[in-house]
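Peer 1: Here's the letter readout for the chains.
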Amino acid sequence: MKAVLNQKHLLGIRGLSAEEITHILDTAETFREVSEREIKKVPTLRGRTVINLFFEPSTRTRTSFEIAGKRLSADVININSSSSSVTKGETLLDTARNLEAMSPDLIVIRHPSAGAPHQLARVCRAGVVNAGDGAHEHPTQALLDALTIRQQKGSLRGLRVAILGDILHSRVARSNAHLLTTLGASVSLAGPGTLAPPEFASLAVGGGLRVESRIEDAIEGADVVMVLRIQRERQDSAFLPSLREYAVHYGLTLKRLRLAKPDAIVMHPGPMNRGIEISSDVADGARSLILDQVANGLAVRMAVLYLLGGGAGALNVSTNPATQAKVETESSPEASTESLSAAVAAAHADSSKS
Amino acid sequence: MRLLIANGYVIDPSQGINAGKDLLIEDGRVAAVLGRGESRPEGAEVFDATGLVVAPGFIDLHTHLREPGQEYKETIASGAAAAVAGGFTSVCAMPNTDPVNDNPAVTSFIVEQSQTVGLANIFPVGAITKGSKGEGLAEMGEMKRAGIVAVTDDGRPIPSPGLMRRAMEYARGFDLAVMDHCDDRTLAAGGVMHEGEWSLRLGLRGRPALAEESDAMRDCALAELTGARVHLAHVSTRGAIEAVRRAKERGAQVTCEVTPHHFTLTDAACEGFDTNTKMNPPLRSREHVEAILEAVADGTVDAVATDHAPHHADEKALEFDHAPFGITGLETAVALALERLVHRGHIGLERLVELFSTNPARIFRLADRGTLRPGAWGDVTVLDPDLSWTFDASRSKSRSRNTPFDGWTLQGAAVATIVAGRVVYRRERSAVGGRQSA
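Those sequence lines, one after another, are chains A and B. Under our numbering, the letters of the first sequence match residues 1 to 354, in that order. Under our numbering, the letters of the second sequence match residues 1 to 438, in that order.
Only chain A is shown next, with the shape it has when bound in the complex:
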C-alpha cells in the first residue's frame, strides 16, 4: 500500500482519504519521540520559513504550531491580528501577497471567517495549513484527537464516539465528523436543539453520523466522549437561555459519564469552561486525556509541517510496514529519500551530530 499526501495545502479533513489521514498519524507517531529528548530539535526544515498568521486569539494552537516549527528547525514568524480585513482596511489577500513577497514556505492561518485559508491558498505559492477557519474546519485538532484515540484504543474502526455541545458553530465537530467516519468510527452528535441541527447527519458519507437530541443517548455505550467548548455569547443570541441551564442539562458529569463504556475516554479541545460543559471531576479524572491531546497536538503539527514543508520525500512515501521495518533496521541512506521513517531517522542522526 502506498499512501501519498496528494496535497500542497492542508485546508480541511473533508476530501482526505483514509490512507492520507493514517499516513499523517503514522508520521506524527514518529515525531513524538523528538519531544522526549533532551535536545528537542531536528534539522528537518532548516532554512524553511513558516509564518503563523493568526486573526483570532489563540494560545494553544498558535504555541503548538510555533513549537512544532521550531523543533523542526524552521524559522517561525508569528503574526497576530485580532482584526479582520474589514476593520483593518487591508484585505486578507493583500496581507497574503505581502507575506508572499517574503517567500515563506508555509503559512499557518487561523481566521474567524470560514474559507479564508482557501482564499489564501488560491493566491499563494506557499503551502497553507488551516489552523481553524470560522465554523468550518480545524484539521490538526481532528488529527490530534484521532492520534490520541488511536493510542488508547489501537484503532478507530468500530469505535463509538460521542461529540457533545455546540455542534453548529464548531469547526472541531466538523473536522472530527469527517475524520472519524472516514476511519470507520461511528459518531453521535448531541446538544441543544438550537446548536445541534439534525441535518448535520447528512454531512458524512456512509451513514456513520447520527444526531441525538438527548446527550445521554449519545453517551450511552460510547468508547470516546468528546466535549466541545460552549461560547458564552451563545446565550445573548437566543441559542441558550443561560449557561447555568446548559450546565444542568448538557454538561458532562460523572453521572452521565457512567452511561459510556467502563473504559471510555474523555476529550476536550480546550480551553475548558469548568463547571459548564464539563465538570472538574470529569476533566481531572483518570479517563480524561485532555493533556495527552496537547502533547499529541505538537506531534501532529510537526508531521503536517514536515509533510507539507518539503521534508525529504515527504510527498511520496511508502507506508508499507514491511518496507518501513526494513529501512529502519538497515538505516539505508540510499532509501532515505523514498521512505519517511528513513528520512526522519536520517534527520535525527543529523541532529545528533550537530
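Where hints are given, some of them may not hold.
For the chain B half of the interface with chain A, some residues (derived, Cβ under 10 Å), not all of them [what the hints assert, rightly or not]:
hint : residue
1    : 192
2    : 273
3    : 274
Straight line, CA to CA, 20 Å or less: simulated DMTMM-like cross-link-like pairs of lysine to aspartate or glutamate [unchecked claim]:
hint : chain 1 : residue 1 : chain 2 : residue 2
4    : B       : 316       : A       : 94
5    : A       : 255       : A       : 284
6    : B       : 316       : A       : 90
7    : A       : 8         : B       : 271
8    : A       : 255       : A       : 281
9    : A       : 261       : A       : 212
10   : A       : 70        : A       : 20
11   : A       : 153       : A       : 29
12   : B       : 144       : B       : 175
No lab work stands behind these hints: they were computed from the structure. We treat Cβ as the ideally placed atom computed from N, Cα and C, and that holds for glycine.
Place chain B on chain A using the hints.
Peer 2: Leaving out everything else, chain B in the frame of chain A:
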C-alpha cells in the same frame, strides 16, 4: 429613417406571431411586420437577419446601475453598454443608489443621465420608503411624475407588515407596481448562503428558504387585501413559488421574476468559497432549482430578470462572510436562459420572449414596449439561439467583473440590439464581451 430587419424569424407573443417575417421600423417606431411575399419598401437600411430570431426588445426588470453614488462599481453609461451587449433594450434601475432614489430629484437625474448616454432605455424604480429605511413612505406620486415605473426597497426589505400594507394601498392610487425583495431578516439571521447541507458543511451561516417564503406569503396576502399590483423579485424557493401560484389562482395581482443564476447554479457552487457565488437570495439547493424550472415552464413565473449587482473586485476579494452580496448578469442572462431553459427543453422560444419582453413590459406598464405592433417603439432583440461562445468577464462592458460564469461556454446569444430603430449593439465575429467558438 427606415430600418428593415429582413429574412429573420419574428417571434412576438403579444400578437401571436411566430413566423418568417420582415420588420420595418420607421422614425423609431414599428411601421409594419411584412410577410415574406410582400413588397419591401425602398430606401430602407437593411439588417439581414437570415437564420436569426427577431423579438421585441428584452427588458430587465431588475438592474443595479449604482449611479449616483457608487460609480466605481457601475455607471449608467457602463451599465447601459452591458445591457445592450446582453440583448436588453431596456433596464429598470433599482433605487438603492447613494442617495437613494426616493425623491423626484434623483429620479430626474437618472432619467437625464440615461438620455445623455442614449444606448438603452433606463426606467428608474423608486424607493417605497424614505431612504429605504422602512419607516415613512417616499413621495411616489412625485417620483412617478419624474419617471419611475414601480417602487421597491430592494435589498432592504420592509420588515413591518403594517407599513407594507400602507405602501401597497398608496401605490395602487398611482398604478405603480410594488416590487418586493422577500427576506425576513430575523429568520435570515445574518446568513451568507442558503441554509442546508452545504452551509452546514462549509461552516457558513445559512439563510433558510423560509426567510424568503414567509415574506412572500405575507406579500401575497397583502396583495389580496389591498388589490395592489405586487411583483416579487428574484423568487428562489419552492415555497415562494407556491405562494405565488396560489395567489394567482385566487385572482390576486401578483407577478414574479426569477434570475438566471437561480435556475443555473445550486448552493454546491459555494464549495470553494468563491465570493462570486454569494448573492441574496442565495443560490439554493437542487429541490428549489427544480421548483423554479417547473414554474418557468408552467407559467407561474412571469419574467426572467438579472438582479445585475456589480461590485468592485476589491470588495469581492474579502472573506466570504464580509464580501457583498451580488453578481453581474446583464451579459449572460439571455445565453443562460437559452441554454438552460430552451435547449434543455423546459420552454420554447416563444415563452422565452414572453419572459424577457412581453411580460416585463406588462408588469411595469411600459407603454409601447414588449411588442412589435405597428406604432410600438422600434426596440428589437435579435437572437442566434445556437451560437456557441465563451464568456470572458475581462472583456465585459460592465465596470465590475463579479460573475461566477467567467469562462463558461454557452449556447445561444443576443447578436444584435436595436433601440428605437437604431442598432446600438452588434456582435462581431470576434465578439466583444466574448470569444466565439466553433
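Peer 1: Confirm or reject each hint.
Peer 2: Structure-based check of all given hints:
{"no.": "1", "hint": "192", "result": "9 Å, holds"}
{"no.": "2", "hint": "273", "result": "3 Å, holds"}
{"no.": "3", "hint": "274", "result": "9 Å, holds"}
{"no.": "4", "hint": "316/B with 94/A", "result": "13 Å, holds"}
{"no.": "5", "hint": "255/A with 284/A", "result": "15 Å, holds"}
{"no.": "6", "hint": "316/B with 90/A", "result": "13 Å, holds"}
{"no.": "7", "hint": "8/A with 271/B", "result": "18 Å, holds"}
{"no.": "8", "hint": "255/A with 281/A", "result": "11 Å, holds"}
{"no.": "9", "hint": "261/A with 212/A", "result": "18 Å, holds"}
{"no.": "10", "hint": "70/A with 20/A", "result": "24 Å, violated"}
{"no.": "11", "hint": "153/A with 29/A", "result": "15 Å, holds"}
{"no.": "12", "hint": "144/B with 175/B", "result": "10 Å, holds"}
Checked against the numbered hints given earlier, the structure breaks only hint 10 and satisfies all the rest.
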